Amino acid sequence: MTSKKALSMDSQKQDKTLRGRGSGLESEYYSIPDTVCDVNTLSILIRKKNVRVVDVRKEEEYAIEHIPGAVSLPLAKILEKESPARCIELLQDIGVNEDLPVVTYDDTFGALAARVAWTFQYVGHQHSSILEVTFAQWKSMGFRTEKKINSYKWQPHPLTINQSIYADLAYVEKAASNKVLIDSRERLNFLSEHIPEAVNLPYTMLRADGKVLSKADDIRRLLQNRGIHENSELVTYCGSVGTLSGLVYYGLKLAGLKDVRLYAKSFKEWKALGKPKAEFKDANYWDLSAE
53 MTSKKALSMD SQKQDKTLRG RGSGLESEYY SIPDTVCDVN TLSILIRKKN VRVVDVRKEE
113 EYAIEHIPGA VSLPLAKILE KESPARCIEL LQDIGVNEDL PVVTYDDTFG ALAARVAWTF
173 QYVGHQHSSI LEVTFAQWKS MGFRTEKKIN SYKWQPHPLT INQSIYADLA YVEKAASNKV
233 LIDSRERLNF LSEHIPEAVN LPYTMLRADG KVLSKADDIR RLLQNRGIHE NSELVTYCGS
293 VGTLSGLVYY GLKLAGLKDV RLYAKSFKEW KALGKPKAEF KDANYWDLSA E
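If you read the sequence shown in this note's numbering, its first letter stands for residue 53, the second for the next number, and so on.
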């Protein structure tokens, strides 16, 4: 666990703090704002009441216990009527204005939290980050939890669509020499079928022991080994609704890549519409390795 002294030293390395518009997150990831929040920073922000913590697990799990001050907003609630206007309403209902930082967490290795945080950024809430650990890890590190059901006063929030992080079917279909499709699924799923020309970067390879994502340098090395240039335009997708690819999206942003988009409807839509698929018919045992 990062000590408060180490946190203070990290804070001295930057002049940006998480206190409103244009701010970043104080942590070992300090050079990449609005991406990953470390546990010590979140603990401080909770004490200062300068953050909205969003628990994206099931409501019954939230009711048992959760991070202090957190509100319940399951991913399923966002997906049931997913539209930009509806997402803004949900932000407003949990008391989030455009300047208040949001940190999401789950107990599913960060994938659900990433999808929710990305959705918030897509509708215009830039200051959305994922917690560096799961709820279970938060507890195991000795941080406080509570059972209080939290609610907050409605706050206004404008709807400002961020098209630069979004990819739809038509966008994915457009071939471009500098565009790289990233299939975030596990290797066997990729080998079975995938979008033509996609590169396999399993979400599991971006994870680290005790954290939902590896350090930025480790992710950059992985990308270099895959032949993925940092100036490329990257589009991530997975098998269903953009959860695994959402986590990879944040991993790529953490690594400092600027041009990253999420194809949220992912391979589920691509396959349902009968779009072309590629597969490795003669894949052998060694092909299962993503190395």
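FYI, nobody ran anything at the bench for these hints, they're computed from the structure. Treat the numbers as computed from the prediction; the structure is a model and nothing was measured. A portion of the hints provided could be inaccurate.
The calculated DSS-like cross-link candidates involving lysine-lysine, where the alpha carbons are at most 27 angstroms apart (straight line), are [as the list claims (entries may be wrong)]:
(1) 200 <-> 129
(2) 200 <-> 110
(3) 191 <-> 101
(4) 101 <-> 199
(5) 267 <-> 133
(6) 110 <-> 205
(7) 231 <-> 317
(8) 110 <-> 317
(9) 191 <-> 110
(10) 101 <-> 129
(11) 231 <-> 329
(12) 231 <-> 320
(13) 317 <-> 191
(14) 133 <-> 323
(15) 267 <-> 310
(16) 110 <-> 199
(17) 205 <-> 101
(18) 323 <-> 129
(19) 133 <-> 205
(20) 199 <-> 100
(21) 133 <-> 191
(22) 129 <-> 205
(23) 320 <-> 101
(24) 329 <-> 317
(25) 133 <-> 263
(26) 317 <-> 327
(27) 231 <-> 327
(28) 226 <-> 101
(29) 100 <-> 263
(30) 323 <-> 231
(31) 205 <-> 100
(32) 199 <-> 231
(33) 100 <-> 191
(34) 100 <-> 200
(35) 263 <-> 205
(36) 110 <-> 226
(37) 310 <-> 226
(38) 110 <-> 320
(39) 267 <-> 199
Here is how each hint holds up against the structure:
For the suggested pair residue 200 and residue 129, the alpha carbons sit about 20 angstroms apart, so the restraint of at most 27 angstroms is met. Annotation: proposed proximity of residue 200 to residue 110 holds, straight-line Cα distance about 16 angstroms (limit 27 angstroms). In summary, the hint linking residue 191 to residue 101 is supported, as the alpha carbons are separated by about 20 angstroms, within the 27 angstroms threshold. With a C-alpha separation of about 18 angstroms, the suggested pairing of residue 101 with residue 199 holds against the 27 angstroms cut-off.
Annotation: proposed proximity of residue 267 to residue 133 is violated, straight-line Cα distance about 35 angstroms (limit 27 angstroms). At roughly 22 angstroms between alpha-carbon atoms, residue 110 and residue 205 fall within 27 angstroms of each other, so this suggested pair holds. A hinted pair counts as satisfied when its Cα atoms are at most 27 angstroms apart, and residue 231 with residue 317 qualifies at roughly 18 angstroms. Note on residue 110 and residue 317: the hinted pairing holds, with a Cα-Cα distance of about 22 angstroms set against a maximum of 27 angstroms.
Taking the CA atoms of residue 191 and residue 110, the gap is near 17 angstroms; set against the 27 angstroms cutoff, the hint holds. The suggested pairing of residue 101 with residue 129 holds, with an alpha-carbon distance near 25 angstroms, which does not exceed 27 angstroms. Straight-line distance between C-alpha atoms of residue 231 and residue 329 comes to about 18 angstroms, which keeps the hinted pair within the 27 angstroms bound. Restraint check: the Cα-Cα separation between residue 231 and residue 320 comes to about 21 angstroms, which is no more than 27 angstroms; the hinted pair holds.
Taking the CA atoms of residue 317 and residue 191, the gap is about 33 angstroms. The hint is violated against a cut of 27 angstroms. Between the alpha carbons of residue 133 and residue 323 the distance comes to roughly 22 angstroms, so the proposed pair stays at or under 27 angstroms and holds. Distance restraint check for residue 267 and residue 310: the Cα-Cα separation of roughly 17 angstroms lies within the 27 angstroms cut-off, and the hinted pair is therefore satisfied. Taken as a hint, the residue 110 and residue 199 pair is honoured in the structure, with Cα atoms around 14 angstroms apart against an allowance of 27 angstroms.
With a C-alpha separation of about 14 angstroms, the suggested pair residue 205 and residue 101 falls inside the 27 angstroms cut-off, and the hint holds. A C-alpha spacing of about 25 angstroms is found between residue 323 and residue 129, which places the hinted pair at or below 27 angstroms, so the restraint holds. Straight-line distance between C-alpha atoms of residue 133 and residue 205 comes to about 23 angstroms, which keeps the hinted pair within the 27 angstroms bound. This hinted pair checks out: residue 199 and residue 100 have alpha carbons roughly 20 angstroms apart, not beyond 27 angstroms.
Taken as a hint, the residue 133 and residue 191 pair is broken in the structure, with Cα atoms around 32 angstroms apart against an allowance of 27 angstroms. This hinted pair checks out: residue 129 and residue 205 have alpha carbons roughly 19 angstroms apart, not beyond 27 angstroms. This hinted pair does not check out: residue 320 and residue 101 have alpha carbons roughly 40 angstroms apart, beyond 27 angstroms. With a C-alpha separation of about 16 angstroms, the suggested pairing of residue 329 with residue 317 holds against the 27 angstroms cut-off.
For the hint linking residue 133 to residue 263, the alpha-carbon distance of about 31 angstroms lies beyond 27 angstroms, and the restraint is violated. At roughly 13 angstroms between alpha-carbon atoms, residue 317 and residue 327 fall within 27 angstroms of each other, so this suggested pair holds. Simply put, residue 231 and residue 327 have alpha-carbon atoms about 18 angstroms apart, close enough for the 27 angstroms limit, and the pair holds. Restraint check for residue 226 and residue 101: not satisfied, since their Cα atoms lie roughly 45 angstroms apart, outside the 27 angstroms limit.
For the suggested pair residue 100 and residue 263, the alpha carbons sit about 24 angstroms apart, so the restraint of at most 27 angstroms is met. Proximity of residue 323 to residue 231 is assessed by CA-CA distance (about 20 angstroms); at most 27 angstroms being required, the pair is judged to hold. As the CA atoms of residue 205 and residue 100 are separated by approximately 17 angstroms, the hinted pair is consistent with the 27 angstroms bound. Restraint check: the Cα-Cα separation between residue 199 and residue 231 comes to about 46 angstroms, which exceeds 27 angstroms; the hinted pair is violated.
Simply put, residue 100 and residue 191 have alpha-carbon atoms about 20 angstroms apart, close enough for the 27 angstroms limit, and the pair holds. Between residue 100 and residue 200 the CA atoms are separated by roughly 18 angstroms; this keeps the pair inside 27 angstroms, and the hint holds. Among the hinted pairs, residue 263 with residue 205 is inconsistent with the structure: their alpha-carbon atoms are about 32 angstroms apart, more than 27 angstroms. Between residue 110 and residue 226, the direct Cα distance comes to roughly 37 angstroms. Violation of the 27 angstroms bound is thereby established for this hinted pair.
For the hint linking residue 310 to residue 226, the alpha-carbon distance of about 20 angstroms falls within 27 angstroms, and the restraint holds. Proposed proximity of residue 110 and residue 320 is supported: the alpha carbons are some 23 angstroms apart, at most 27 angstroms. For the given pair, residue 267 sits about 32 angstroms from residue 199 by alpha-carbon distance, which is inconsistent with the 27 angstroms threshold.
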